[in-house]
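Using the sequences and the hints given, assemble the complete structure.
So the chains spell out like this:
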Amino acid sequence: MVERTRGIDIACHGILFLGGLLVCLPIYFAFVVGSHTVSEVLAVPPPWLPGRTFFANAATAWEKGDLGRLFVNSFIVAVGIAAGKIAVSLLSAFAIAYFRFRWRMLAFWLIFVSLMLPIEVRILPTYEAVANVALPLQWLVDALDVGRWLGIEIALDWNMMNSYGGLILPLIASATATFLFRQFFLTVPEELAEAARIDGASPLRFFWSVLLPLSVSNIVALGIILFLYGWNQYLWPLLFTTDKNMATAVIGLKDLIPQSDTEPAWNVAMNAALLVMLPPVIVVVALQRWLVKGLVDAGK
Amino acid sequence: MRASTSLSPAMPGPVAAVPRRRKVASAGGTRGLKRAHFREARLPLLLLLPQLLVLLLFFFLPALRALSQSFVLTDPFGNSVQFVWFDNFRSLLASPEYRASIGVTFWFTLAQNALTIVVSLVLAFATDRILRGRGFYRSIILLPYAIAPVIAGILWAFLFNTAVGPISFVLHGLGIDWDPNRHGIDAFLLVTFAASWKHICYDYIFLIAALLSVPPSLLEAAAVDGAGPLLRFVRISLPMIGPTIFFLVVMNFVYGFFETFAIVDAVTHGGPGGATMILVYKVYIDGFVHIDLGSSAAQSVLMMIFALALTVLQFRYVERNVNYDV
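Going down the list, the sequences are from chains A and B.
Residue numbers for the first sequence follow numbering that gives the first Met the number 0, so the first one is 0 and each next one is one higher.
Residue numbers for the second sequence follow numbering that gives the first Met the number 0, so the first one is 0 and each next one is one higher.
Because the hints were derived from the structure by calculation, they are not lab data.
Check before you lean on any hint, since a few could be wrong.
To be verified - If the Cβ cut is set under 10 Å, some of the chain B residues that face chain A in the computed set are:
| hint | residue |
| --- | --- |
| 1 | A40 |
| 2 | L55 |
| 3 | L60 |
| 4 | F70 |
| 5 | A93 |
| 6 | P95 |
| 7 | I129 |
| 8 | Y136 |
| 9 | L154 |
| 10 | F157 |
| 11 | I207 |
| 12 | L210 |
| 13 | L229 |
| 14 | Q313 |
| 15 | F314 |
What the hints assert, rightly or not - What the simulated footprint calls covered on chain B by chain A, stretch by stretch (three residues with Cβ under 8 Å from a Cβ of chain A suffice, anywhere in the stretch; the number is not a length):
| hint | stretch |
| --- | --- |
| 16 | 44-53 |
| 17 | 96-108 |
| 18 | 142-151 |
| 19 | 163-174 |
| 20 | 232-240 |
| 21 | 272-286 |
| 22 | 290-303 |
C-beta atoms are modelled at their ideal positions from N, C-alpha and C, and glycine is treated no differently.
So, in structure tokens, the structure goes:
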């Protein structure tokens with residue numbers, strides 16, 4: 000701070016306080032509504048202060064939305080996306096930054112073309128692809144008449160609908176993490192690879208013993224971002240809810256929101272909203288430092 | 000942004016830059032390659048295999064499929080397929096709904112972008128000024144990052160719900176005829192607020208990091224010359240963090256175009272009367288509700304082209320990322 004400016008400092012606190020209030024307002028009212036009974040919520044004027052039935056509502060929401068099962072699904076999907084994307088991206092970024100080989104630039108462009116194409120854009124064809132991944136193979140089997148040779152009928156139907164794989168894999172298919180790791184590898188001192196080569200270490204040995212330990216902080220930061228990304232996915236899991244048991248927590252919450260023709264149980268719905276946002280909020284609050292680092296690194 | 004991560008081959012410092020340039024001249028395709036690298040033919044392909052396989056199955060094949068579908072006309076039962084060249088695109092661009100959707104998307108992303116960047120700039124400026132409570136404010140403002148877009152939409156939809164929402168109650172009390180179910184402008188504003196509320200934290204984090212990297216010596220020199228805090232912010236900090244702001248504007252557009260699907264779905268379902276029917280929601284509606292495959296595919300293709308343009312823009316940003324170390 001260069002000089003003392005009391006007026007501006009107070010104004011700054013005022014601005015930040017207002018900003019914080021704006022952020023908390025919707026969350027506060029979710030809490031207020033989530034702790035009242037239906038009739039209290041529908042009263043005029045609406046309640047402004049928290050009521051007494053928060054835990055009863057939470058129990059109702061947990062039961063009604065089958066949130067126990069859905070939380071497990073969400074955890075599997077979020078961790079699967081984070082772990083899968085990091086593993087796949089580390090390997091491909093290593094290949095692109097540290098190897099000279101034919102097709103290198105082709106691979107580079109094939110990967111980075113997907114950098115900013117979110118799944119929402121190509122939702123229908125991706126849906127078809129997951130509905131039957133094996134369609135091209137099936138044609139091959141039919142054409143060669145393999146089934147008759149083996150005396151059995153082969154019906155290839157690798158349907159990934161309602162499976163964790165189908166939920167996770169399409170969301171791994173983008174280059175954001177690869178890009179981040181590549182950028183990081185480019186800042187690693189050249190001397191390390193030179194030294195490893197002089198010592199006779201194989202590329203994989205170098206990757207495992209040098210590069211991976213150096214990347215730990217990046218991996219953690221990116222893991223947090225990807226966990227949040229996975230937990231908060233909406234459109235893709237929405238199309239998978241043909242089987243309620245495979246839905247994620249966010250989708251289960253969506254089903255609890257009162258529509259015009261149902262009982263207006265906003266108290267249960269808002270309570271469920273708080274429950275569903277709890278795990279990612281805990282992650283953000285507890286691991287804030289890492290999250291900030293990860294975000295800022297990813298933007299470079 | 001202090002670190003000099005960049006796409007250009009001149010990594011990571013002046014010492015490495017000289018031999019690197021020579022290599023670029025002698026053999027093409029070494030862009031972004033480490034000076035100390037390995038030469039092997041098979042291992043890198045093996046390392047790339049998982050990524051390329053996933054991309055092939057869930058990115059390239061679907062994208063190609065959208066491209067092929069955008070040139071054909073399929074009857075609703077999937078019995079006959081007719082190649083129609085650019086007819087799908089032509090009828091799409093001629094349809095008033097699609098044009099209206101482009102307009103809505105344009106104004107929505109613009110309003111969301113302006114609101115997000117201005118509010119986060121003000122908050123970042125304030126955070127940069129104060130000494131105490133920085134961490135506390137940051138934790139609070141960061142919260143929406145944890146919240147799913149669809150939940151953000153639900154929270155705002157409730158606040159402004161005409162039957163039960165507390166803010167609607169206040170607005171009605173003030174004599175304002177607030178009803179996002181009937182008034183297009185109300186629905187539009189509601190979606191814009193919810194989208195910005197969810198995204199301000201993202202811009203805020205970047206702006207704080209960027210403001211921290213503005214060299215204090217410059218600010219002190221300006222202060223000695225008699226420039227006040229506001230003047231210093233506008234004349235020194237703002238130009239210095241220009242690249243970050245440009246990056247954030249691009250990212251805000253990406254967010255507004257693609258990731259606000261869940262907010263629209265939770266708050267308005269594109270209504271009333273298409274007032275919040277942004278392009279990414281229309282692709283979904285036409286593909287999964289109206290089952291108009293050709294039109295949906297053509298829309299996907301147009302959006303992919305648009306997204307590619309944004310990607311190129313972002314690459315340019317990274318390439319030009321200026322190193323402000325003084």
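Evaluation of the provided hints:
A least Cβ separation of about 6 Å between A40 of chain B and chain A falls short of the 10 Å threshold, and the interface hint therefore holds. With 10 Å as the threshold, the beta carbon of L55 of chain B comes within range of chain A, its nearest partner Cβ sitting at about 9 Å, so the hint holds. A least Cβ separation of about 6 Å between L60 of chain B and chain A falls short of the 10 Å threshold, and the interface hint therefore holds. Using the Cβ-Cβ criterion of 10 Å, the hint placing F70 of chain B at the interface with chain A is not satisfied: the shortest such distance is roughly 14 Å.
Evaluation of the A93 of chain B hint against chain A yields a violated restraint, the C-beta minimum of about 22 Å exceeding 10 Å. Because the smallest distance between the Cβ of P95 of chain B and any Cβ of chain A comes to about 23 Å, over 10 Å, the interface hint for this residue is violated. Restraint check, I129 of chain B versus chain A: the minimum CB separation of about 5 Å is within 10 Å; hint holds. Hint status for Y136 of chain B relative to chain A: holds, with the closest Cβ pair at about 4 Å, below 10 Å.
Given hint, L154 of chain B at the interface with chain A, holds; its Cβ is 4 Å from that chain's nearest Cβ, closer than 10 Å. Interface hint at F157 of chain B: satisfied, since its Cβ lies 6 Å from the closest Cβ of chain A, which is below the 10 Å cut-off. A cut of 10 Å between beta carbons decides the hint on I207 of chain B: the least distance to chain A is about 8 Å, and the hint holds. With a least beta-carbon distance of about 12 Å to chain A, the hint placing L210 of chain B at the interface is violated under the 10 Å criterion.
For the restraint placing L229 of chain B at the interface with chain A, the shortest Cβ-Cβ distance is roughly 8 Å, inside the 10 Å limit, so the hint holds. Residue-level restraint check for Q313 of chain B holds (minimum Cβ-Cβ distance to chain A is 7 Å; threshold 10 Å). Evaluation of the F314 of chain B hint against chain A yields a held restraint, the C-beta minimum of about 8 Å falling below 10 Å. With 7 residues having a beta carbon nearer than 8 Å to a beta carbon of chain A, the stretch 44-53 of chain B meets the requirement of three or more and the stated coverage holds.
By the rule of at least three residues with a Cβ nearer than 8 Å to a Cβ of chain A, the coverage given for the stretch 96-108 of chain B is violated, with 0 such residues. Counting residues of the stretch 142-151 of chain B whose beta-carbon sits less than 8 Å from any beta-carbon of chain A gives 10, enough to reach three: the coverage restraint holds. With 4 residues having a beta carbon nearer than 8 Å to a beta carbon of chain A, the stretch 163-174 of chain B meets the requirement of three or more and the stated coverage holds. Residue count for the stretch 232-240 of chain B with a Cβ under 8 Å from a Cβ of chain A: 0. That is fewer than the three needed, and the coverage hint is violated.
By the rule of at least three residues with a Cβ nearer than 8 Å to a Cβ of chain A, the coverage given for the stretch 272-286 of chain B holds, with 4 such residues. Using a Cβ-Cβ cut-off of 8 Å, 6 residues of the stretch 290-303 of chain B lie near chain A, which meets the minimum of three, so the contact claim holds.
In summary, the structure is inconsistent with hints 4, 5, 6, 12, 17, 20 from the numbered list given earlier, while agreeing with the others.
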